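Participant: Here's the letter readout for the chains.
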Amino acid sequence: MSIADGVDPNVRDRLTAGIMRVFAWVVLLFVLMPLVVICAMAFTSGEFLVFPPEGVSLRWFGELTSWLDAIRNSVVVAIPAALIATTVGGTAAYSLDRHDYRFGRALAAAATVPIMLPPVIVGVMFMTFFIAIGISGNIWNLIIAHSIFLTPFPFILISQGLADLDQSYEEAARNLGASQLRTVRTITFPLVRANVIAGFLFAFILSLNEYIIAWLLSGFSIQTVPIQIFTSLRYSYSPVIAVISLLFIIVTFVGLTIADYLAGGLWE
Amino acid sequence: MSRVVLEGITKRYPGDVEAVSGVSLVVDDGEFVTLVGPSGCGKTTTLRTIAGFEQPTEGFVGINNNRVNTVPPDKRDIGMVFQDFALFPHKTVAQNIGYGLQVRGYDSDRIDDRVNEMLELVELPKTRDRMPDQLSGGQQQRIALARAVAPEPDVLLLDEPLASLDKKLRETMQVELRRIQRKLDITTILVTHNQKEALTMSDRIVVMNDGDFEQIGAPEDVYSNPATPFVANFVGTANIFSGTVSAIEDGLATVDCGQAVMKSGDTEDVALGDSVSAVFRPEHLSVDTRKTAADGSGDGSTVFDGTVAVKRYTGDQIEYHVNTGTGDSVIAVERVDETNAGEDDDIQLRLSATDCLLLAQ
Amino acid sequence: MSTEEPTLGESIIENDIWPRTKYLIVSYPAAVLALFFVLPLLLLVVVSTFENIEGGFFQPAFTFENYVRFFGSDLFQGRMIYTLRVAGLTTASCLVIGYPLAYYIASLDSELWRRVYLSIIISSLFLTFIIRAFAWQVLLSSDSIVPTVASSLGILEEPVALVPSYMALVVGMVYVFLPFMVLTLYTSIREVDDSLQEASRSLGARPLTTFRNVTLPLTKGGIVSGSMLVFVLSLGVYVLPRILGNPPQWTLAVLIGNQVGVEGNIPYGATISIVLLLVVGAILAVGWYLLGGERRASI
Numbered sequence: 001m002s003i004a005d006g007v008d009p010n011v012r013d014r015l016t017a018g019i020m021r022v023f024a025w026v027v028l029l030f031v032l033m034p035l036v037v038i039c040a041m042a043f044t045s046g047e048f049l050v051f052p053p054e055g056v057s058l059r060w061f062g063e064l065t066s067w068l069d070a071i072r073n074s075v076v077v078a079i080p081a082a083l084i085a086t087t088v089g090g091t092a093a094y095s096l097d098r099h100d101y102r103f104g105r106a107l108a109a110a111a112t113v114p115i116m117l118p119p120v121i122v123g124v125m126f127m128t129f130f131i132a133i134g135i136s137g138n139i140w141n142l143i144i145a146h147s148i149f150l151t152p153f154p155f156i157l158i159s160q161g162l163a164d165l166d167q168s169y170e171e172a173a174r175n176l177g178a179s180q181l182r183t184v185r186t187i188t189f190p191l192v193r194a195n196v197i198a199g200f201l202f203a204f205i206l207s208l209n210e211y212i213i214a215w216l217l218s219g220f221s222i223q224t225v226p227i228q229i230f231t232s233l234r235y236s237y238s239p240v241i242a243v244i245s246l247l248f249i250i251v252t253f254v255g256l257t258i259a260d261y262l263a264g265g266l267w268e
Numbered sequence: 001m002s003r004v005v006l007e008g009i010t011k012r013y014p015g016d017v018e019a020v021s022g023v024s025l026v027v028d029d030g031e032f033v034t035l036v037g038p039s040g041c042g043k044t045t046t047l048r049t050i051a052g053f054e055q056p057t058e059g060f061v062g063i064n065n066n067r068v069n070t071v072p073p074d075k076r077d078i079g080m081v082f083q084d085f086a087l088f089p090h091k092t093v094a095q096n097i098g099y100g101l102q103v104r105g106y107d108s109d110r111i112d113d114r115v116n117e118m119l120e121l122v123e124l125p126k127t128r129d130r131m132p133d134q135l136s137g138g139q140q141q142r143i144a145l146a147r148a149v150a151p152e153p154d155v156l157l158l159d160e161p162l163a164s165l166d167k168k169l170r171e172t173m174q175v176e177l178r179r180i181q182r183k184l185d186i187t188t189i190l191v192t193h194n195q196k197e198a199l200t201m202s203d204r205i206v207v208m209n210d211g212d213f214e215q216i217g218a219p220e221d222v223y224s225n226p227a228t229p230f231v232a233n234f235v236g237t238a239n240i241f242s243g244t245v246s247a248i249e250d251g252l253a254t255v256d257c258g259q260a261v262m263k264s265g266d267t268e269d270v271a272l273g274d275s276v277s278a279v280f281r282p283e284h285l286s287v288d289t290r291k292t293a294a295d296g297s298g299d300g301s302t303v304f305d306g307t308v309a310v311k312r313y314t315g316d317q318i319e320y321h322v323n324t325g326t327g328d329s330v331i332a333v334e335r336v337d338e339t340n341a342g343e344d345d346d347i348q349l350r351l352s353a354t355d356c357l358l359l360a361q
Numbered sequence: 001m002s003t004e005e006p007t008l009g010e011s012i013i014e015n016d017i018w019p020r021t022k023y024l025i026v027s028y029p030a031a032v033l034a035l036f037f038v039l040p041l042l043l044l045v046v047v048s049t050f051e052n053i054e055g056g057f058f059q060p061a062f063t064f065e066n067y068v069r070f071f072g073s074d075l076f077q078g079r080m081i082y083t084l085r086v087a088g089l090t091t092a093s094c095l096v097i098g099y100p101l102a103y104y105i106a107s108l109d110s111e112l113w114r115r116v117y118l119s120i121i122i123s124s125l126f127l128t129f130i131i132r133a134f135a136w137q138v139l140l141s142s143d144s145i146v147p148t149v150a151s152s153l154g155i156l157e158e159p160v161a162l163v164p165s166y167m168a169l170v171v172g173m174v175y176v177f178l179p180f181m182v183l184t185l186y187t188s189i190r191e192v193d194d195s196l197q198e199a200s201r202s203l204g205a206r207p208l209t210t211f212r213n214v215t216l217p218l219t220k221g222g223i224v225s226g227s228m229l230v231f232v233l234s235l236g237v238y239v240l241p242r243i244l245g246n247p248p249q250w251t252l253a254v255l256i257g258n259q260v261g262v263e264g265n266i267p268y269g270a271t272i273s274i275v276l277l278l279v280v281g282a283i284l285a286v287g288w289y290l291l292g293g294e295r296r297a298s299i
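Protein chains in written order, with this note's numbering: chain A, 1 to 268; chain B, 1 to 361; chain C, 1 to 299.
With the rest of the complex left out, here is chain A (with noise of 0.2 Å):
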């Protein structure tokens, strides 16, 4: 017999549950924190980086000027390196979608598997590879391998829009006179096109926010947004900072939102 025993069942269970939710509002509340630091920080007349702020003001908006150049770099990045990681992934999962090949299990795990590896490595690897062939600072390097590690968001995405798709449709469309391509142009392709939108934006806002593979391959040539806050916050430590991530935090939220929108809210 414990001490629970001796309490009114209901009370207790009560009880439970008001500890419970008490607990995940805690929780929620830590998960919640830096953002709202970060919106704090974003709006204050203060010089420093600091919680609580001194003051609001929105004087550290006027200061993104000297962020142009990295918001430039980072967009013309992530859009080619998206495209090209929609169009691999794409076309891999339908390809696998339709079709038997000997070395099929072996394309899925290359499409699958560099999301999977640590980001370091992926960046270390790619180093190595543009190295070894000669070509090494140029941005396309670092749109390619963003291309590569964010070639799964897509292949999965995609891949499962064309398994929910029933085959049937694309055969009424051949049967009515449409070719291979042209079914795919009219039938299969508007169908699935939600997954291949929010594909697209999955690549493109973690392109966006990618560190790591970015610093290593042109950190010192060129820089994107996450690389520049990383470099301010040794050495300048402004506020500055807080707006820009603030900015990104919106457009992040905005992109996955519509992309989780499009694709079928995947967690319930």
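Treat the hints with care, since some could be wrong.
[Claimed, not checked] Covered stretches of chain A, going by a simulated chain C footprint (3 or more residues, C-beta under 8 Å):
no. : region
1   : 80-94
2   : 209-217
[What the hints assert, rightly or not] Below, a list of computed lysine to aspartate or glutamate pairs in the DMTMM-like style, where the Cα atoms sit at most 25 Å apart:
no. : chain 1 : residue 1 : chain 2 : residue 2
3   : B       : Lys311    : B       : Asp346
4   : C       : Lys22     : B       : Asp74
5   : B       : Lys167    : B       : Asp107
6   : B       : Lys91     : A       : Asp164
7   : B       : Lys91     : A       : Glu171
8   : C       : Lys22     : B       : Asp77
9   : B       : Lys183    : B       : Asp77
If you're looking for bench data, these hints aren't it; they were derived computationally from the structure. Being a predicted model, the structure only gives us computed values, none of them experimental. Just so it is clear, CB atoms sit at the ideal spot from N, CA and C, and this is done for glycine as well.
Go by the hints and put chains B and C onto chain A.
Facilitator: This is chains B and C only, laid out in the frame that chain A set:
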């Protein structure tokens, strides 16, 4: 001219699984042929081979005397209605029906006219701008049909088109489909597992089992003269007793089936000592409660005495499952106002020798 | 049997392009992945046996001296054990904090509230590691709220920067990886049939017993998957230990980055990478086995 020819079609899968085993068939211009058989007998595979979605391992598919094995499905000029209808979910009814015409490059006026024509044909003009998920099952089925015939194909294929409809709707659609087919005068091949459908709709039926065509013929012929026990059992209901021919005399064969002795007038190709299946239909048995039965076993009839184990009333008929002590029940059928025996009643069934068929086992 | 006598004429020979399309379409992704993934990966293995040249280059040599150096060095060996320890601590903490949270959310009746909680958790996932690390760094730096509060509560003598430190690192890691654990566990807990718990309860078992005997075993798959996920992620993360920890607290991943990006010793960096990959592979293999065993046992 749009004849469809199957010449020795075989479809083998890895692992030596033969889905279709060397079947041949000629479907004439304008004919309505049904492939009927149980699940897994290969009928859908055969249909898909004609459509071009499967390649035969051996044999040829011919349309109008040309071999089309190497012609891809989009070039075969065949219309197909799929089992789940496969209406494009992202296109309206009109766009669905017009798809085949668009692919052929017709101008939009011509497409519009034809779409309207098709909607009139299937009697659904108001659904023009709806999306497929707004239609009922029966409506989807008709639109699928409209879509398939809009491009005026040579041949129409239907893969279990009525399978997902409820009974009442199915029967209505059976009539509709036949009406439309006659109107368009299009060569049609339908696949179904429902033998009643096959019997009511077709010019000829093909009974398929385990990859083979067991019998091809007009519905009446297949029903009254089944070629094998399987056909007898699958098309309509049949009583089947296996036995050995113990005597043949004056055009009357006697078959010893264990506890039942059958008399049959079907003496062609039958010899003493043959193993045969004696096959007879429930409606050919005359039903009497024993008290009123006359003793007429001298005229070559087979007589069964037994008790009613199960009585099934189907509205227009009564079906008796009679326990005659011979192992399997004998199934007999009569119209509602006749004998009207009850369960556990004694009953006598009489089968005339002409109604007893003998088939090789 | 059929009594038909068909006669067919000539074949219409149409271009049967099916076999060609099949290989045509796969050639693009296959070529890209082979050239830019498989090849670099193999190259990594090979380069780990190369000799280092100053300035971030290397020359071909088939030598194991890098591996010898790694396994022989106390520093690196100790560091590997340290890395595993940090990952283990992070995983355990995530499990202890995450399971009740996941359970609570999963047991909520209102779908709206479930989605709200899940959205909060998922959206924190979307923040880049760097930003999250940065936020914690701010929170824990000397003038900020956490040390200030702690000092006035008497936990600390005076407000001192809590970062970089081991504690900051672990807190940061748990913070960042908790959502992964929660979401994996949540999916698994949701799959447990309510009726099983009800059955247990109707047979007289108290909630705790029900939990121990019914829910927990049935969510073992989720526990294994979630733990593996967090463990592997913790092993490989670069940014968090780098920002939130002092050099003595840097994990293997940070060392790899250092060797390659700062010291310019690519072959050695490659060597450590291969070792880390092998460790990750081993963990995944164990996890796979455990999960497979789950499936085998449940039959």
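Participant: Please go over all the hints and tell whether each is borne out by the structure.
Facilitator: Okay, the hints, checked on the actual structure:
no.	hint	verdict
1	80-94	holds (count 7)
2	209-217	holds (count 6)
3	B/Lys311 / B/Asp346	13 Å, holds
4	C/Lys22 / B/Asp74	17 Å, holds
5	B/Lys167 / B/Asp107	40 Å, violated
6	B/Lys91 / A/Asp164	18 Å, holds
7	B/Lys91 / A/Glu171	16 Å, holds
8	C/Lys22 / B/Asp77	24 Å, holds
9	B/Lys183 / B/Asp77	19 Å, holds
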